Each structure stands twice: as C-alpha cells, then as structure tokens.
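> Here is what each chain is made of, one letter per residue.
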Amino acid sequence: MSIELRSITKTFGSFTALRDVSLKIPDGELVALLGPSGSGKTTLLRIIAGLESFDLRPQSEILFQDRNVAGQCVGDRQVGFVFQHYALFRHLTVMENIAFGLRVRRSKDRPSRSAIRDKVRELLRLIQLEGLENRYPAQLSGGQRQRVALARALAIEPKVLLLDEPFGALDAKVRQGLRRWLRRLHDEIHVTSVFVTHDQEEALELADQVVVMNQGRIEQVGTPEDLFHRPANAFVMDFLGSVNLFHGRIEAGKAVFGSMVLDSPDGLEIDGESAKLFVRPHELELHTKPNGAPSLRARVVRIQSAGPLVKIELASESGQEVQLEMSHERFREEPVAVGNDVFVSPRDLRVFVADYSI
Amino acid sequence: MSLRRLLSSVALAAMTFGFLLPSLATAKDIELLNVSYDPTRELYKEFNAAFSQYWQARTGDTVTIQQSHGGAGKQARAVIDGLEADVVTLALAYDIDAIAEKADLLPADWQKRLPDNSAPYTSTIVFLVRKGNPKGVKDWNDLARPGISVITPNPKTSGGARWNYLAAWGYVLKKELGDLARVHDPKAAAEVAKANAKARQFVTALFKNVPVLDSGARGSTTTFVQRGIGDVFISWENEAYLAIKELGPGKFEIITPSISILAEPPVAVVDKVVDKHGTRSVAEAYLRFLYTKQGQELVAKHYYRPRHPEVAKRYRGQFVDVALFTIDDVFGGWKKAQQTHFADGGLFDQIYQPK
Amino acid sequence: MAAGATLQQHTPWNASREGHGIRAEIPWIKWTFVSVTLGYLGLFLAVPLAAVFTEALRKGIGAYLESFQDPAALAAIRLTLLVAAIAVPANLVFGLAAAWAIAKFNFLGKNLLTTLIDLPFAVSPVISGLIYVLLFGQQGWLGPWLSSHDVNVIFAVPGIVLATIFVTFPFVARELIPLMQEQGNEEEEAALVLGAGAWQTFWRVTLPNVKWALLYGVILCNARAMGEFGAVSVVSGHIRGKTNTMPLHVEILYNEYNFVAAFAVASLLAILAMVTLVAKTFVEWKSRQSVELLEPTTAEEV
Amino acid sequence: MSHWKFKQRSVLPGFGLALGYTLLYLSLIVLIPLSALFFKTATMTWGRIWDTVSDPRVVASYRLTFGASLAAAATNAAFGFVVAWTLVRHHFPGKRLVDAVVDLPFALPTAVSGIALTALYAENGWIGRWLEPLGIQAAFSPLGVAIALTFIGLPFVVRTLQPALEDLDVEVEEAAASLGASRFETFRRIILPTVFPALLTGFALAFARALGEYGSVVFIAGNMPMKTEITPLLIIVKLEQYDYAGATAIAVVTLIASFAILLAINLIQWWSGYRYRIGG
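Chains as they are written, first to last, in numbering that gives the first Met the number 0: chain C, 0 to 357; chain L, 0 to 354; chain W, 0 to 301; chain R, 0 to 279.
There may be inaccurate statements among the hints.
[As the list claims (entries may be wrong)] Calculated lysine to aspartate or glutamate pairs in the EDC-like style (CA-CA distance at most 16 Å, straight line):
1. LYS300/L - GLU245/L
2. LYS158/C - ASP65/C
3. LYS58/W - GLU190/L
4. LYS44/L - ASP69/W
5. LYS134/L - GLU252/L
6. LYS174/L - GLU190/L
7. LYS288/C - ASP347/C
8. LYS158/C - GLU328/C
9. LYS244/L - GLU255/W
10. LYS271/L - ASP149/W
11. LYS23/C - ASP75/C
12. LYS271/L - GLU45/L
13. LYS226/R - ASP348/L
14. LYS310/C - GLU328/C
15. LYS44/L - GLU255/W
16. LYS101/L - ASP242/R
17. LYS207/L - GLU45/L
18. LYS310/C - GLU333/C
19. LYS23/C - GLU316/C
20. LYS94/R - GLU255/W
21. LYS193/L - ASP178/L
22. LYS300/L - GLU45/L
23. LYS158/C - GLU332/C
24. LYS118/C - GLU156/C
25. LYS275/L - ASP149/W
26. LYS158/C - GLU204/C
27. LYS253/C - GLU272/C
No lab work stands behind these hints, which were simulated from the structure alone.
Since the structure is predicted, the reported quantities are computational estimates derived from the model, not experimental observations.
Taking the hints into account, I'd like the entire structure generated from these sequences.
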C-alpha cells in the first residue's frame with residue numbers, strides 16, 4: 000500500500016516539529032527517515048501511524064492507497080508499529096505478546112484459538128525464536144525483544160510497517176545482523192515499510208529510498224546513491240559521511256580558498272559572497288609536489304594505516320585540520336611521513352553558498 | 000483474570016457507595032437515644048436496663064436505649080448538628096438551653112416541664128487527694144497555695160469544670176461577704192465588686208496550679224488517677240467516688256470543702272426528635288422513671304444525690320453534709336455565668352491572657 | 000506523598016548496595032549508624048507498640064479475650080470493616096481515573112489538580128470532619144433538607160464513610176501517578192496500534208502493569224481508613240454499638256476506666272497495622288521482582 | 000502564548016471520562032465540602048475574623064503547633080537521614096524487620112499512638128519515670144506535643160530519602176574520591192546536595208502532617224491554654240462553644256497553611272525533577 004502525506008504541519012505549543020511536509024512512499028518500498036535528533040522524523044512516523052495528530056489545515060492529508068486516513072483512529076489503520084524501546088507487554092509471554100493483536104479483535108473477526116496459535120508459530124519461525132514462546136520479555140536479549148516486537152506488529156498482517164529507531168537500543172554487532180535480517184524479511188513479505196534512524200550508514204545500507212530530514216523539513220528524498228553522490232545541499236552532504244569543510248569567498252567569478260583557487264560552480268558568481276567547499280576524505284588527492292591542479296599546501300600530522308584505507312591527518316597552511324583517505328596501493332606509490340609538506344587537491348568539487356553552517 | 004473480576008465488582012460497589020446506604024433506624028422494637036455527658040456512663044448503663052424491664056412489663060414493647068457519652072459541650076453540639084437524641088441528659092442547663100436556642104428542638108421553657116428544675120439528681124464538687132492527704136488539703140484556699148498541683152478539666156469544654164470553677168468563685172464570695180444572699184443586694188454593690196476582684200485573684204492563682212487541662216471530666220480523672228499527676232483533683236462528687244471504687248480503693252481520699260455548689264444536671268425530652276420518631280411517650284416515661292423510687296435508688300447507687308426524700312434519707316450516710324449554694328443564688332443563672340466567665344474573652348480567658 | 004509512597008524505586012535490602020569499594024564504611028561509623036537507627040526506631044516505634052500489648056495483657060489473656068465478647072466492641076469492628084469496605088473501593092476507582100488522566104495526558108492545570116488531590120492529606124482531620132458537619136449538619140446547607148427526607152448522613156454511617164473517604168482520598172492516586180508516569184504511554188500505544196479498544200487496553204495492559212502499586216495504595220488506604228480517629232470522631236455521634244468505629248471505641252473504653260479492654264481493642268488495631276506492614280512488605284517484594292525482571296539480563300544474544 | 004491548548008492531543012482514549020470522574024469526585028468529596036468552610040467564615044466580618052484568628056490564645060496555639068511541628072520535622076530530618084542511610088547502605092541482622100517497622104506510625108491509628116505515647120511519657124510511665132528525675136516533663140508539655148508529632152512524622156523523611164539515596168550513582172562518589180575528596184567531603188559536597196530536595200520534601204511532608212495532627216496529640220498535650228493547646232484542638236473548643244464561624248475561621252487559616260506547604264512540596268519536586276521525572 001502506498002502512503003502519501005500532503006502538507007503536514009505539526010506544532011507542540013510554540014515549537015514546530017514539522018513544517019509543511021509532503022512525501023510519497025510507493026507501494027512495497029522500504030523507506031528510511033533519516034535526520035539528527037529533533038528533526039521531526041519520529042513525529043512524522045507517529046503521524047503516519049495515527050499515534051500523533053497534526054495541525055488541522057484544509058490542505059493537509061494522509062493518504063493510504065489514495066484513501067484519506069486522517070480521520071481514522073490508530074487501531075483502524077492496520078499499521079504495524081515497532082517502538083523504539085519495543086513496548087513489549089512486560090506481563091505477557093512472547094507468545095501472548097505476539098497473539099495480542101489477534102486476541103483483542105471483536106469476536107466475529109477473531110481467528111480461532113488454534114488459528115492464532117498457528118499464526119504465532121509461523122511468526123516465531125520467521126523471527127527465528129522458536130522455543131522461546133513462554134519467556135517473558137525481560138528474559139530476552141535486546142535483539143530478541145526487537146524481533147518479538149516485529150513479530151507482534153506483523154501478526155495483524157499490517158498494510159504498512161512502521162519502525163521507530165528499530166536498532167537504536169542494540170549494540171553494534173547485533174545491529175548489523177538484524178539489519179541484514181530485516182532487509183531479507185522485507186524482500187520476502189514486501190510490505191510497505193518506513194523506519195526512522197539517525198544512523199546514515201543504516202539508512203544507506205537498508206533502504207530503497209532515504210528521506211533526509213532537518214528541523215521539521217525534508218531536505219532531500221532519494222536512493223542511497225543519489226544522496227551520497229548528489230547531495231542536494233550542504234546539510235545532506237555533511238550529514239552523510241565525514242567531510243572536510245573549507246571556508247572561502249567568491250572573488251571575480253572564482254571561489255578562493257587560501258592558496259587554492261577554483262572555478263566557481265554555476266549561479267555562484269556574486270562577488271564577496273562567502274562560500275564553502277565540501278570534500279570527502281577519499282575525494283582528496285595527495286602529492287608531494289604541485290602538479291598544476293589547484294591545490295592547498297599542508298603538513299602531515301598523523302598517519303593511520305591499520306585498516307582497509309590509509310587515513311592521513313593534515314594541517315593546512317591556515318592551520319585547519321584536513322582528513323584524507325587513500326588506498327594502500329596509492330600510499331605505497333607515493334609514501335609520505337609525518338612532518339612532510341604536501342599538496343592536496345580535490346577530485347570532486349561541491350561548493351555551497353553559506354546558508355548552512357556546521 | 001481474577002484481578003479483573005475483583006476490580007469490576009469493586010467498581011460496582013463504589014458506584015453505589017455511601018449515599019445509597021439506608022438510614023439506620025429500621026428496627027421494629029423501640030429505640031431511644033440518650034445523649035449524655037461523661038460521668039453518667041455507669042449510671043445509665045444500669046438505669047437503661049432497669050427501664051427496659053419496667054417498660055416491657057408495663058407495655059410489652061421492648062425498648063433499647065442507645066447511649067452516647069462525651070464532654071457536655073461536644074454532646075450538645077452534636078444534637079444541634081442533627082444527632083437525633085430522643086432525650087438529653089447533660090451536665091448543665093446551659094447546654095440544653097443552647098439546643099433550644101440554636102436548633103429550636105425543644106421549647107425555651109423546657110426546664111419547667113419536670114420537677115426540681117428538670118434535674119432528677121444533684122451532685123456537688125469535692126476534692127480527691129492521694130492517700131493520707133500528704134499536702135494537707137482541707138478547703139478551697141489550699142488549692143491556690145503555691146506548690147500544690149491541681150487537676151481540673153478545661154471549663155471551656157467541660158461542663159463539670161465550669162461547676163468546679165464556679166464553686167471556687169462562690170467560696171471566695173461567701174468568705175468575703177459572709178452571706179451569699181448579699182450578692183444581689185444593691186446596697187452591697189461596692190463590697191460585692193471587691194469580693195469579685197478577690198475571687199478573680201483566687202481563681203487565677205488556682206488555675207496557675209493546674210498542670211494539665213483535659214477537655215473532659217473523664218480525661219482529668221485518668222490524668223490524676225492513672226497517670227499520677229497532681230495533688231488534688233477537683234471533681235464531681237460521684238466521679239470521685241467512682242474513681243475510688245473502680246481505680247484505686249485505698250489509694251485516694253475524698254475531701255469535702257466547707258462550701259460547694261449544688262450541681263443540677265438536667266434532663267429533657269427533645270420534642271422535635273421524639274415527634275419525628277414517634278417516641279414521645281416512651282421518652283417521657285424514661286425521664287419520669289428517673290424520679291421514681293427505683294430510679295432514685297439507682298441514682299444514689301451511682302453516687303448522685305437523689306431528690307426523692309425517702310431515698311435521700313436512706314442514703315444520707317453516703318454523702319457528706321456540705322453547705323451548698325446554687326448557681327441562681329450567686330451567679331444569676333447559667334446564661335449570665337456563661338457570658339461573664341466562659342465566653343471568649345470572658346474572665347476565664349483572662350486568666351491565661353499574657354500580662 | 001504518603002509514607003512509603005515511592006514503591007517502585009524502593010529496594011531496601013538490595014545486597015549490591017552494601018558498601019564495598021568506595022562505599023565501604025569504617026566499622027565504627029557503620030555500627031554507630033546502625034545503633035542510632037535501632038535506638039531511634041526502638042524508642043519511637045517499638046516501645047509504644049510494646050506498651051499497647053503490655054497494657055492489653057495486664058490482666059491476663061482471659062481478660063484480653065473477654066474484651067472482644069462485648070457486643071459493642073464487635074459492633075465497632077463490624078462498622079470499621081464496613082466503612083473500609085466502602086471507602087477503599089471508592090478511592091480505588093477514583094485513584095485509577097485520576098492517575099489515568101494525570102499520568103497519561105498533558106493538560107492545563109495538571110499541577111494544580113495534583114496538588115488538590117494531595118490536599119486532604121494535609122488537612123487536619125478535625126477540619127475533615129468539620130466540613131461535613133457544615134455541609135450535612137442540621138445547621139448546615141443540606142441538613143434541613145436531608146432531615147425532612149429522613150436521610151441521616153452525619154452521625155450515621157454515611158457521614159463516617161464520607162469523612163473516611165476524605166482522609167484516605169489521595170492514597171491510591173498518589174501511588175499510581177508516579178509509576179504510570181514513569182512507565183510512559185508506549186505499551187498503551189502499542190496495544191492501540193494492534194487494534195485493542197480503550198477498555199481492552201486498560202484491562203489487559205495498563206492494569207496488569209500497575210497492579211502491585213495499586214495493591215500497595217489499597218493497603219495504605221485501608222490502614223488509614225480503619226484507623227482514622229479525628230475526622231470520624233467529629234461526625235460520629237459516639238453512639239455505643241452503633242456509630243463507634245474501633246478507634247472511637249478505644250477512646251470510649253479508655254474513658255470508662257476499662258483500660259484492659261481499651262488496650263485490647265487498640266492491640267487489635269495494632270495487629271491490623273502490623274498485618275498491613277507485612278502485606279506492604281510482601282507487595283514491595285513482589286513488585287521489586289517484577290521490576291527486576293525488566294533489568295537487562297544476560298540472555299543469549301542473536 | 001497564543002499556542003496553548005487545554006490539552007495536548009493524544010491517541011490514548013478515556014481522557015474525558017477519567018478527568019471528568021476525577022473532577023466530579025474531587026468536587027463532591029473535597030472541594031464542595033471545603034468551600035463550606037470558606038462560606039461559613041464569610042458570614043463573619045473581616046474585623047471579627049481578624050479578632051478570632053489573632054486572639055492571643057489562638058496565636059499561642061499557632062506558635063505551639065508550628066514550633067512543635069517544626070521541631071518534630073527537624074528531628075525527623077536529622078534522624079530520618081541516619082535511618083535511611085543505614086537502611087540503604089548497611090547490612091545488619093533484622094534489617095528487613097526494621098525497614099518494615101518504619102511505616103508503623105502510618106499504619107497505627109492515631110488514637111492508639113496517642114494513648115500509648117501518653118502511657119509511656121507520663122511521670123509514671125516507662126520512659127517518663129526516667130525523665131522526671133532529670134527535671135524533664137515530657138507528657139503534658141510542648142515537649143510531649145513534639146514527641147507525638149515526631150512519632151507520626153517519622154516515616155515521611157525516611158521513605159522519601161530512601162529512593163533518593165538508592166539512586167545515587169556510585170560512579171559519582173568514585174569520581175569525587177579520585178579527585179581527592181575525603182569521605183566526609185564527598186558526603187558534604189556531593190551526596191548531601193544531591194539528596195537535599197528529597198530531604199526537603201520529606202521534611203515538608205512531615206511538617207504538613209504534623210500541623211494537622213489531632214488524635215495522637217490531644218492525649219499527650221495537656222491542653223493548657225496559651226501553653227499546650229494545639230490549633231486543631233482550638234477548632235474543637237470553638238465548636239463546642241457553638242462558635243461555628245470562629246471554628247471555621249481558624250480552620251481556614253490552617254487550611255491555607257497546609258495548601259501553601261503542599262504547593263511548596265510540589266514546587267520542590269518540580270524544581271528538582273526528582274519525583275515526576277518523565278521517562279523517555
């Protein structure tokens with residue numbers, strides 16, 4: 000089932016959590032809502048679920064498969080919701096937790112006892128927790144609880160699956176495993192799914208589409224590749240992966256960053272405007288001599304070569320710290336040592352005008 | 000889920016709570032409520048049994064008499080506030096006056112309806128001291144001596160304590176004026192004023208010797224007898240005898256002062272209540288039974304002074320002869336005494352006013 | 000508010016808190032603390048309790064037991080039980096409603112409402128009785144009307160019940176509110192998302208989660224309901240065998256020089272108090288068990 | 000603020016029913032009856048009210064009630080701290096029993112406490128007979144009032160402090176020690192300030208409870224005008240003199256005091272965030 004949000008605004012008192020947000024989620028996709036804390040992503044998710052209301056404005060609508068569900072209460076939307084802290088019923092066993100959604104149905108819609116039992120068994124198999132059905136939530140590990148929460152949400156056969164920071168409370172290793180498991184699960188059952196995360200790696204690895212949010216607004220929507228390689232603005236660029244930031248200004252149609260002068264990108268020809276250059280560490284090239292390309296002088300401060308890439312920390316002539324990454328082969332071709340003076344030139348340029356600052 | 004079932008039934012009970020409870024009086028037998036003061040507990044316990052028997056023999060009805068005891072002021076207030084007493088038997092006429100005045104439950108002239116000012120028994124105020132009278136207390140003037148510790152309840156809350164206070168006051172007037180009849184003699188006004196000033200001094204000195212002011216007569220008895228506090232306990236005569244009998248035969252002595260007050264605890268039928276309950280005849284019979292020979296015997300047995308001449312004669316040995324004055328004689332009746340002495344800001348309050 | 004109002008966090012004999020490492024205490028300091036504690040509690044708690052039983056048994060066990068043969072004493076016990084049986088459920092239902100509104104929702108005036116719920120706790124019992132006299136007494140607002148319809152409130156069971164409800168008013172609510180606030184709304188939201196109705200959510204999720212705190216509140220409420228003296232004294236009328244609750248009966252017996260009986264009834268109340276303490280300790284223990292279940296365990300990872 | 004609403008919207012059901020019932024019940028049981036107090040008082044003129052509540056005897060009772068309550072609450076704050084500390088930090092035989100018994104004053108009817116304490120502290124009582132030769136009169140003196148109030152207030156300080164002491168993070172103490180603080184310094188500079196709001200709350204609760212206490216005090220007070228009369232007793236005294244308006248005027252004064260203390264407690268808790276910590 001596809002989901003469409005039209006012009007949703009949400010205020011809490013004087014605080015605006017969402018500003019005029021519109022978003023379309025196609026049927027069967029796995030979508031991530033990505034953003035720093037306070038960006039409104041959880042509020043958006045809760046609004047989709049019906050757990051939160053939004054400001055009543057005539058143009059505001061929530062459509063599930065072209066049907067407006069704004070007036071529908073949470074229990075009738077047939078969404079599966081996985082809470083950040085799972086919200087498992089602590090007084091019920093795993094089995095009872097999973098069966099809850101079926102047992103509370105009105106008697107005419109309620110499956111028979113044996114049907115419920117079969118369904119729970121099936122779900123236990125799906126989440127690979129067979130044999131633990133009589134445990135209480137407190138007797139489970141974090142990852143197990145997470146999967147029970149998921150099974151509980153799936154038991155009601157939701158049209159939409161919503162997950163709030165699904166791996167937030169887990170440690171790194173468990174998180175990796177569950178992430179892949181969730182992806183496989185989604186490929187198997189193909190229910191439209193939306194999850195909230197503040198971890199860009201998680202969003203990029205897992206989602207078909209990523210929605211980047213900041214301060215109640217959507218900054219960019221796109222596939223992980225789009226976002227990483229074609230960030231729409233400085234925020235997205237900065238938020239997705241580590242980045243070097245250089246401050247400069249536009250002078251005579253050129254962007255000037257100290258000793259490095261670059262061609263200014265389109266539309267940035269106003270003199271005196273301050274400009275920012277974002278370069279990812281792996282997009283910087285290092286040479287021991289100038290090679291004609293615009294470059295910055297810098298001194299090697301630290302070399303860290305234990306890992307898949309060699310990480311080099313440099314200090315530019317203005318004293319700014321610069322991070323650089325290169326392959327081991329490249330490092331062997333042109334080795335440097337701490338204290339060497341080197342030249343750094345960007346391979347890919349992204350200059351943004353200053354409306355966003357780190 | 001048993002918790003659930005329990006809670007549902009509890010919820011149901013809660014919804015029908017309180018207000019729907021049936022009012023109490025549904026018994027078929029006759030019930031009377033006698034609201035009385037502290038020291039009469041034992042008397043009425045026995046008297047009620049006797050009356051029930053008498054009434055059943057006469058009419059065949061069983062009558063159960065409920066008792067409520069407490070400080071007279073508290074009890075009168077309860078009746079004013081709606082405690083449905085069929086009869087009241089209190090320490091002071093003033094308290095019944097208050098019921099008549101504030102709640103209009105009985106006519107103002109209630110005291111004229113029964114013989115002897117509606118007081119079927121009398122009592123007086125005496126002293127209870129510890130065995131052997133170690134402090135040598137003989138009369139009122141000893142109580143104001145420094146170094147003597149006196150127990151009396153608080154006149155603001157206890158009827159008995161007001162009698163104590165007025166008895167002490169009357170003692171000084173008698174001593175100063177020689178003859179209490181002169182109190183109302185206009186020619187002796189100056190002297191009376193002087194005597195009153197002396198009395199005030201005396202009573203002030205006396206209350207300076209009081210370490211504990213209980214709110215009721217019973218509390219004071221306990222303090223003196225049970226807690227062992229104080230050298231002298233100013234007490235109802237019957238309470239003093241009872242204390243000796245119940246709590247410490249051989250441990251206490253009764254000292255009768257040279258002069259004391261004639262305490263007349265009155266009784267009355269509460270008209271509005273008996274008419275509502277339809278219990279007027281039995282209530283009236285109940286009070287009149289107090290005046291019969293049988294009733295008077297019981298009264299005397301519990302150390303109240305009987306009115307019935309024959310009974311009084313028989314029990315003469317039990318009570319010491321003591322010169323007694325009445326409140327009308329000396330203080331011009333309860334209303335006036337209350338106003339002058341016990342009202343807020345009255346003479347009693349001034350005793351405790353910081354100088 | 001009330002004593003021991005913080006059930007959910009209270010773990011008095013948790014071994015892990017015993018001082019070791021940085022918290023290790025020099026022995027003489029520790030034993031000074033322990034003796035001050037024992038001395039203080041002994042002086043203020045144990046001795047008065049012992050006094051009650053000593054006085055009650057002064058004339059032997061026979062006289063003690065005989066005190067309970069008195070119909071008036073039995074009537075007082077019956078009345079006390081009746082009053083508690085009405086007052087406690089009434090406050091239980093109220094406590095649940097108030098806690099639901101206050102803990103689960105944000106609304107204007109919530110703090111004021113919380114303070115008002117606490118108010119009866121701080122009002123002098125004397126005033127608690129007085130207000131019902133002012134309201135239902137013959138000289139009060141409703142007295143004349145009630146009396147003309149032959150309804151007795153004051154100086155009868157309803158008045159005693161009302162005064163008791165008033166003094167025990169906040170107990171259940173005060174136990175539930177902090178716990179329900181701490182638990183948050185997620186489980187209820189989860190139930191709603193799963194399609195449960197309002198009552199289903201309440202019965203199946205909320206109530207089981209607070210049942211120990213609820214029971215704890217009920218126990219405290221019951222103890223106070225059975226033991227209230229001041230407020231009930233003002234509205235009771237002190238009719239022997241009819242409107243005397245146990246505490247009032249103690250006073251009456253005391254005033255009749257019947258000290259053994261007075262202390263016997265008092266000892267019964269003291270036993271009730273101790274039963275309360277045992278029940279309370281049990282509930283604390285049970286609830287801590289359920290809290291401990293929530294602590295992360297070392298169950299095998301994925 | 001133009002944005003406020005009476006209630007933030009929530010998906011949870013039953014707000015109307017729950018709040019409605021709460022308000023109805025609160026009004027019927029508490030607010031309407033309490034308002035009777037104010038209406039009754041309003042039948043007096045301001046001058047009369049002032050005369051009543053500022054009468055020297057009444058003022059003396061305020062002084063006693065406040066003074067003894069303060070003394071009792073302070074005693075409990077000091078000893079309650081020791082008790083709570085011991086129960087949280089130390090192990091000794093019978094600790095469970097001791098912990099359970101702390102709530103006794105709460106469970107024991109006040110009338111029973113009253114007669115038991117009086118029996119103990121009277122001149123011929125178990126404790127009174129030892130105090131008497133020392134020239135200390137316990138029962139029937141302000142000291143007796145303070146003793147009774149200490150008794151009933153005891154659980155409050157202990158029970159509010161216990162969880163606060165348990166919540167103390169051992170790491171904070173370790174940090175203090177690693178920075179060179181002595182045990183005492185750590186206590187004074189770290190522990191005490193952290194649990195101070197709880198201590199203050201316990202103190203205020205004990206104080207509020209003591210102000211209104213009646214049952215356990217009347218037996219032991221002695222009830223001497225100007226000396227050992229507590230304010231609740233004066234209300235009773237006024238009533239028994241059929242002075243309803245006077246009684247309610249004094250009641251209103253104490254009620255306002257109670258309400259002020261409650262507000263203060265709620266403010267302390269709001270300020271410290273210690274009680275209504277909202278999860279998540």
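> Check each numbered hint against the structure and report the violated ones by number, ascending.
Structure breaks hints 3, 7, 8, 11, 12, 17, 19, 20, 23 and 26.
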